[in-house]
Amino acid sequence: MYLSDRRRILVPPLSRRLTYVDEKSPSPTPATKKAPTKLDSAHKIYLRTSLLPDATGSAYIEHQQIKILALVNGPRSQKGSFSPAAKLVIDVKFLPFSSDAHVLGIQQGGGYTTSLERTLADFIYASLVPSIRLGQYPKSGISVSIVVISGPPVWNGLVKQIGASCVTAASVAVVDAGIEVFDIVTACAVKFRMGAEEQTEIDLDERGFDHDCDDHGNKMNIGESAGASHPQSIGRGVVSYMASRDEISGFWIDDESQEQTVREATSSIEGASLIQVLKIACDGAKEVRKLVNAVLSQVFHDHEEASVQATKKIKIAE
Amino acid sequence: MSSSAGSTPVTSRPGTPARSKDNPSAASDLPAHAIPGQPLCSAREYAPGPGTYFDEHAVVGGGGAIVAAVLGTVVVSKPTLSTAKSSLRKDDEKKVPAAADLRPRVSVVRPTPNGGATTGAVPDVDDVVLVRVLRINPRMANVAILIVGESNSAADEYGGIIRAQDVRETEKDKVKMQDCFRPGDIVRAQVISLGDGTNYYLSTARNDLGVVFAMSEASGAPMYPLDWRSMRCPVSGTIEQRKCARPTS
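Chains as they are written, first to last, in my numbering: chain G, 31 to 348; chain X, 11 to 259.
Hints are computed from structural coordinates only; laboratory data are not their basis.
We put the CB at the ideal spot given by N, CA and C, even for glycine.
Hints are supplied without guarantee of correctness; some may be wrong.
[Unchecked claim] Label-pair ranges, simulated between beta-carbon atoms:
1) X:LEU144 / G:VAL159: 30 to 40 Å
2) X:GLY230 / G:THR341: 33 to 43 Å
3) X:ASP206 / G:ASP152: 38 to 48 Å
4) G:ILE344 / X:PRO193: 35 to 45 Å
5) G:LEU81 / X:SER229: 18 to 28 Å
6) X:VAL135 / G:VAL159: 22 to 32 Å
7) G:GLN339 / X:LEU144: 19 to 29 Å
8) X:ASN147 / G:GLY110: 19 to 29 Å
9) X:ASP206 / G:LYS343: 24 to 34 Å
10) X:SER229 / G:ARG148: 53 to 63 Å
11) G:VAL338 / X:LEU236: 14 to 24 Å
12) X:LYS88 / G:SER337: 49 to 59 Å
13) X:SER246 / G:LYS342: 42 to 52 Å
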C-alpha cells in the first residue's frame, strides 16, 4: 500500500480508539454545558476568496478550529484521449500536525496521499461534480487542491466537520475561478443520537469523544458507562447541498460510537430520523449559503469599486 | 426536486438595474449582478447567453428560468444575426423553442480588476482564435492556441492543426504549406472541429483569416502585407509568401 513507508504499521483511516470500561466507577454526571445548536454563521465562519493570484481561483475558510485553503487551477488543456467534458481532479492534503491524525499515521508523512485524504477527496468529488458545468469545457481538466491547515481531532470522529468545510471552500473557489456552475455547494456537518429523532443538531463539537472525558480530568474510564444518556451512541454525518436548486449532492454518514457492542446493533438510524438529519443539515447548509452569498457579492462590489477607480484614473490621465 | 425562487437565499439588489448594451428599457426587471445559482428571468422573455444556463425547473414567471452560472454583472444584449445563430447552436437544451433567436440575450460577465472581460476561455467550434505556428510540414501546420474569441487570453495553451486543405477556399490541392505559414507566425483562424485528444482543427479559409503578424526571415523585422499571399519586410525589402488575413481596423 504505502510503498514509501513500509516500516510502520498503519491503522485503518477511520478506526476507533480502544476504550476501557470500569464498572466500579460512578457514572459521571453528564456535562451540563449545552452546546449551541444553531449555526450563527455570520460571526462564526470566516471566508475569503481570491487570496492567491497565481491560482485561477482560491478560497480560505475558518470555522472553529478548522482552517482550510482551497485552490482551483483550470480549465487546462489535457493531453490524451478526447473527452467531451472537463475532468475534475480533487486533491486533499493535511499539513503535518494540522489535526491529530498524525497519531494514527493516517496523515501526510512523506509526500504520499493517505487513505483519509483519499476518502475526503472522494466525498468532495462526489459533492462538486453535479454542480460544475463540465460540459462547457471539453478536452480540459479542472484541478482542485485543498489544504487542511488545521482541523479538529480526526481521532475523535470529527472528520465530517473537515469534509463540510472542504466542500464549501472548494465550491467557492470554483466560483472564484470563473468556472461555470449550476449552483454553489455548501455543506453542513450534523451529529445525532442513533435512533433518537429529536436530538439531531449541527455538529459544533470541538473535541469529539473527549468532550465528556476532559471535563472530568481526562480519565479514560469515565464517560463510557454513562447510563441513560448514552453519549457514546452518536452518529455524525455531512450533507452537501445546492440551496438554489434544492438538491443534495453529497451525503456521508457514520456511526461514531466509541464502543460497539452487540447490543448496539439495534440502534440503527431509522427512516424518520434520517429525514430529520437531512433536514437539519440542509438548514445548516442554507445558513452557510447565505454567508457565502454575502461574501461573494462583497467581493463583487470590491471589484466594481476597483474598476470604477481605474476608469477614473484613466480619465484624469487623459 | 424542483426549486422555487421564493426559498432561494440569494441576495440581489433590485435597486440598480442591469446594464444593457442596446436596449436600456428591456433590462429594468433584472438584477444588476448575479451569484451562481440565482434565477434571473423567465426563459420566455430572454435567451440564455454566456455565463447563464436554462433551467426548466426553476420558476420565474413560468416556462423555466435563466439562471446565472458565474459571478458577475448581468448584461442584456439585443440579438444580432450571428449571436442568434450561435446561441441556437451552442444551446445544450434542445427544448428552447425555435423562435429563441428573437429574444434579447441575458449574459453574466465576470468583472476583472483591470476592467477587461475574461471568460474561462476554452475553444469551441466557430470561435475565432489567435494562434502561434509551431511546426510546418507539407500536410499541415501545428499551432498553439493563444487567445480565444474576445477574451484576454486562453485558459491554457491548447494545441491545434491547420490542415493544407483548410488553408484557403480555392485551389485547395495546390496549397504549399511553406508558402502560407512559417514557424513563429501569429495567425487568426477559426475552430472547425474539437478534433482529437491533442489538437483542435482550425481553418483559415476566409478573407479575414490568416497570418496577422510575421517576422522577416532576412532581417527579423515585422512585415506588412502586400496582398493576400505576400508580405514585405520594411528593412530588407524582401517579399515573402504568406496566407495573409485581410487587415481589420
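Against the structure, the hints come out as follows:
1. Range check, LEU144 of chain X to VAL159 of chain G: Cβ separation about 34 Å, and the 30 to 40 Å hint holds.
2. With their beta carbons about 38 Å apart, GLY230 of chain X and THR341 of chain G fall inside the hinted range of 33 to 43 Å.
3. Checked against the hint of 38 to 48 Å, the C-beta distance between ASP206 of chain X and ASP152 of chain G comes to roughly 30 Å, which is inconsistent with it.
4. Judged by the Cβ atoms, the range 35 to 45 Å given for ILE344 of chain G and PRO193 of chain X holds: they are separated by roughly 38 Å.
5. A C-beta distance of roughly 47 Å is found between LEU81 of chain G and SER229 of chain X, which places it outside the suggested range of 18 to 28 Å.
6. With their beta carbons about 25 Å apart, VAL135 of chain X and VAL159 of chain G fall inside the hinted range of 22 to 32 Å.
7. Checked against the given bound of 19 to 29 Å, the beta carbons of GLN339 of chain G and LEU144 of chain X, roughly 40 Å apart, lie outside it.
8. Taking the beta carbon of each, ASN147 of chain X and GLY110 of chain G are about 23 Å apart, inside 19 to 29 Å as hinted.
9. Between ASP206 of chain X and LYS343 of chain G the CB atoms are about 47 Å apart, so this pair departs from the stated range of 24 to 34 Å.
10. A hinted range of 53 to 63 Å holds for the C-beta pair SER229 of chain X and ARG148 of chain G, which are about 58 Å apart.
11. In this structure the supplied range 14 to 24 Å is violated for VAL338 of chain G paired with LEU236 of chain X, their Cβ-Cβ distance being about 45 Å.
12. Between LYS88 of chain X and SER337 of chain G, the C-beta spacing of about 24 Å breaks the proposed range 49 to 59 Å.
13. Range check, SER246 of chain X to LYS342 of chain G: Cβ separation about 47 Å, and the 42 to 52 Å hint holds.
Violated hints, listed in ascending order, are 3, 5, 7, 9, 11 and 12; each of the other numbered hints is respected by the structure.
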